[in-house]
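*Asks:* Chain by chain, the residues:
Protein chains: 2
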Amino acid sequence: MARALSYINGNATLPVPCRPNPSRPCALLLPYRPLKVTVSCNRSYWASINSDIEAHLKKAIQAREPPCVFDPMHHLTFAAPRNTAPALCVAACELVGGHRDQALPAASALHLIYAASFTHEHLPLTESSRPKSAIQHVYRPNIELLIGDATLPFGLELLAKSDDPNQNKSDRVLQVMVEITRAAGSQEMIYGQYCEVETCQSDNKESCHSHIGEIERICEKYDGAMHACGAACGAILGGGSEEEIEKMRSYGLYIGKIQGMINRIGSHDKDLNKLVDGLRDLAIKELRGFNEAKAKAISSFF
Amino acid sequence: MARALSYINGNATLPVPCRPNPSRPCALLLPYRPLKVTVSCNRSYWASINSDIEAHLKKAIQAREPPCVFDPMHHLTFAAPRNTAPALCVAACELVGGHRDQALPAASALHLIYAASFTHEHLPLTESSRPKSAIQHVYRPNIELLIGDATLPFGLELLAKSDDPNQNKSDRVLQVMVEITRAAGSQEMIYGQYCEVETCQSDNKESCHSHIGEIERICEKYDGAMHACGAACGAILGGGSEEEIEKMRSYGLYIGKIQGMINRIGSHDKDLNKLVDGLRDLAIKELRGFNEAKAKAISSFF
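Here the protein sequences come in this chain order: A and B.
Sequential numbering of the first sequence, starting at 7, is according to the working numbering.
Sequential numbering of the second sequence, starting at 7, is according to the working numbering.
FYI, nobody ran anything at the bench for these hints, they're computed from the structure.
Treat each hint with caution, since some may be false.
27 Å max Cα-Cα, derived BS3-like pairs, lysine-lysine [claimed, not checked]:
| hint | chain 1 | residue 1 | chain 2 | residue 2 |
| --- | --- | --- | --- | --- |
| 1 | B | Lys-175 | A | Lys-167 |
| 2 | B | Lys-291 | B | Lys-302 |
| 3 | A | Lys-167 | B | Lys-291 |
| 4 | B | Lys-280 | B | Lys-175 |
| 5 | A | Lys-280 | A | Lys-167 |
| 6 | A | Lys-175 | B | Lys-167 |
| 7 | A | Lys-280 | A | Lys-302 |
| 8 | B | Lys-280 | A | Lys-175 |
| 9 | A | Lys-167 | A | Lys-64 |
| 10 | A | Lys-276 | A | Lys-291 |
| 11 | B | Lys-280 | B | Lys-291 |
| 12 | B | Lys-300 | B | Lys-175 |
My request is simple: use the sequences and hints to build the entire structure.
*Replies:* Here you go:
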């Protein structure tokens, strides 16, 4: 997990770990590269959140039988690079006044959904139109397909089981369930992946690369939707108002788009930098009205 | 859907549509073949349930954008052979005194989970150890992989959205969510599929075929778990008592095992017929104490 956590550990040049694909040949999916970011605030904030999510996941996965299925699930869960949406979920919960524990099951579900997506994205299909990065496959394709299929319901099971009927918050957990299943589904993440597959299907790679608008659309649907969902779910679970939930949803959308675009295009593209600056300004505006210290903590994403 | 519904339409020799795989070369996974069953009761009962589930699914899928994703999802949802677990969910709900509408979202989710499983089971992987039946692939493998990934969360989204917070039954919907995600996950259906993959990996097909115990284990985990889950969920949603829910869970387990084993081995194996007779007796015992007319309706599975 060392690399997965490194982006939240300091005030220096840090890699952004979201969806690195070192050997993707398609110009749209440029190599993973370090991104210069300045962490403006408490350097241990994101590290402590990620540590708590990791501990929650490790406890949940190790407690299960059968090992022949859970061992590969454990491996693939932690082999996937860490996505920033789960941590954002926890930070949003704290921003609206909730306790971290309230968001950990949803954050863990989000990581598991991402891990399932990452695993399936790298499956060797016989007639793949999509470039695959050279990750090491520890298990046979059939097993990786099955484990990916098991990982999403496992995440949602953890979330559903986290509900305590005595607390009378079941409707809130169900609201989060709708948010997460919708984000993971056909109108959001899967639609983003579909667009990516269709774009990479094009023979004209030059054209593929030049279409920043197309990349933006993919990132809005995949990375944007996942981060918007994470932030909104955190706000719901933390007891935020409707306005706070929607502010967090927008904040997450901008953050996710930035993450996705920089990971796909790199941080040296002038057109992209302009776009990112605009998105960053929009994101910061969404933090107005929140507790200042907490807003500073969550803004340290930049 | 004609073939999918035919098994519940009369008192004659009817095909059982659960998981037909006409060209599976592994001896463990024998060709789909018609099974002689006698439907003892109201022939329109199961047809009307399946018709309602189908209508519910069609309405849900057609109402969505984008069509480039939902068209394949619509196709793959209805191209999958109908599994009997969703109908059992509705029948169990009615058995305990609930209204059919209460169980339709969960029944639809179960069908979608089965359709996703069926779609992924037939993906052409580069290094597959598992025999694939010769189904017609309408879409490219990448698209079928993605659509399968989208189908499960879509089913769970339908279920989560079906909750009306004003009815104060959110905890019951969450209970069903736990049941379904658990059944679809690593300890049940996926474990069954894992065992199937591992068994078919064996070079000794003769030995593979002779292991009725191994087939029984696979069927208990895959078909048994799915039917147990369906029946238990129906009872939960219909407002059944703990005892009724557990009776339905056991009933579904026996039914599912019977369905799975007959579909894999055929109905002419003497050893299997003994086993099936025993399971049928156990299933019928679970119906004691319920309303007689309704118990007769649900027992027409045999």
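*Asks:* Taking the hints in turn, state whether each one holds.
*Replies:* Right, here's what the structure says about each hint:
1. Between the alpha carbons of Lys-175(B) and Lys-167(A) the distance comes to roughly 16 Å, so the proposed pair stays at or under 27 Å and holds.
2. Between the alpha carbons of Lys-291(B) and Lys-302(B) the distance comes to roughly 12 Å, so the proposed pair stays at or under 27 Å and holds.
3. For the suggested pair Lys-167(A) and Lys-291(B), the alpha carbons sit about 31 Å apart, so the restraint of at most 27 Å is broken.
4. Between Lys-280(B) and Lys-175(B) the CA atoms are separated by roughly 42 Å; this puts the pair beyond 27 Å, and the hint is violated.
5. The hinted pair formed by Lys-280(A) and Lys-167(A) fails the criterion: a straight-line CA distance of about 44 Å is larger than 27 Å.
6. Between Lys-175(A) and Lys-167(B) the CA atoms are separated by roughly 16 Å; this keeps the pair inside 27 Å, and the hint holds.
7. For the hint linking Lys-280(A) to Lys-302(A), the alpha-carbon distance of about 23 Å falls within 27 Å, and the restraint holds.
8. Taking the CA atoms of Lys-280(B) and Lys-175(A), the gap is about 49 Å. The hint is violated against a cut of 27 Å.
9. Our distance criterion of 27 Å between C-alpha atoms is met by Lys-167(A) and Lys-64(A), whose separation comes to about 16 Å.
10. Our distance criterion of 27 Å between C-alpha atoms is met by Lys-276(A) and Lys-291(A), whose separation comes to about 23 Å.
11. The straight-line distance between the Cα atoms of Lys-280(B) and Lys-291(B) is roughly 17 Å, inside the 27 Å bound, and the hint therefore holds.
12. The straight-line distance between the Cα atoms of Lys-300(B) and Lys-175(B) is roughly 24 Å, inside the 27 Å bound, and the hint therefore holds.
Hints 3, 4, 5 and 8 from the list above are not met by this structure, while the remaining hints are.
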